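Please model the entire structure based on the sequences and the hints provided.
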Amino acid sequence: MKNVEIPRKEKKTKRLFIPVTPTEHQKIILYCHSQQVTLSELIRFAIKETFDL
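Read in my numbering, the sequence shown has 1198 at position 22, and its numbers run on one by one without any break.
Just so you know, these hints were derived from the structure itself, not from any lab.
In this text the structure is predicted, and so the values were computed from the model without any measurement.
Mixed in with the good hints, there may be bad ones.
[Stated by the list, open to error] SDA-like, lysine to any residue: derived pairs with alpha carbons at most 20 Å apart: (1) Lys-1190 x Phe-1227; (2) Lys-1188 x Leu-1215; (3) Lys-1187 x Glu-1217; (4) Lys-1185 x Ser-1216; (5) Lys-1203 x Arg-1220; (6) Lys-1203 x Ser-1216; (7) Lys-1224 x Thr-1189; (8) Lys-1224 x Thr-1199; (9) Lys-1188 x Gln-1212; (10) Lys-1185 x Gln-1212; (11) Lys-1224 x Ile-1194; (12) Lys-1224 x Gln-1212.
Spelled out as structure tokens, the structure:
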């Protein structure tokens, strides 16, 4: 997984709630553990790859 850069000028964090089914949640958590990444890193990577932000 590519390293996702967080801009240094950003000082605060906001919470993002994503509705998922229990099965999806289980698969996401297992993937995070297997790849040794945090859920935040996974979401940032997915957003960066999906949208041009």
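Going through the hints against the structure:
For the hint linking Lys-1190 to Phe-1227, the alpha-carbon distance of about 18 Å falls within 20 Å, and the restraint holds. For a cut-off of 20 Å, the pair hint linking Lys-1188 to Leu-1215 stands: about 18 Å separates their Cα positions. Restraint check for Lys-1187 and Glu-1217: the C-alpha separation of about 17 Å stays at or below 20 Å, so the hint holds. Between Lys-1185 and Ser-1216, the direct Cα distance comes to roughly 18 Å. Compliance with the 20 Å bound is thereby established for this hinted pair.
A threshold of 20 Å between alpha carbons decides the hint, and for Lys-1203 with Arg-1220 the separation of about 17 Å falls inside it, so the pair holds. Between Lys-1203 and Ser-1216 the alpha-carbon distance is near 15 Å, which keeps this suggested pair within the 20 Å criterion. Annotation: proposed proximity of Lys-1224 to Thr-1189 holds, straight-line Cα distance about 17 Å (limit 20 Å). Of the supplied pair hints, the one linking Lys-1224 and Thr-1199 is violated, its CA atoms being roughly 24 Å apart against a limit of 20 Å.
Between the alpha carbons of Lys-1188 and Gln-1212 the distance comes to roughly 25 Å, so the proposed pair goes past 20 Å and is violated. Restraint check for Lys-1185 and Gln-1212: the C-alpha separation of about 27 Å exceeds 20 Å, so the hint is violated. Taking the CA atoms of Lys-1224 and Ile-1194, the gap is near 16 Å; set against the 20 Å cutoff, the hint holds. A distance of roughly 19 Å separates the Cα atoms of Lys-1224 and Gln-1212; the hinted pair therefore holds under the 20 Å criterion.
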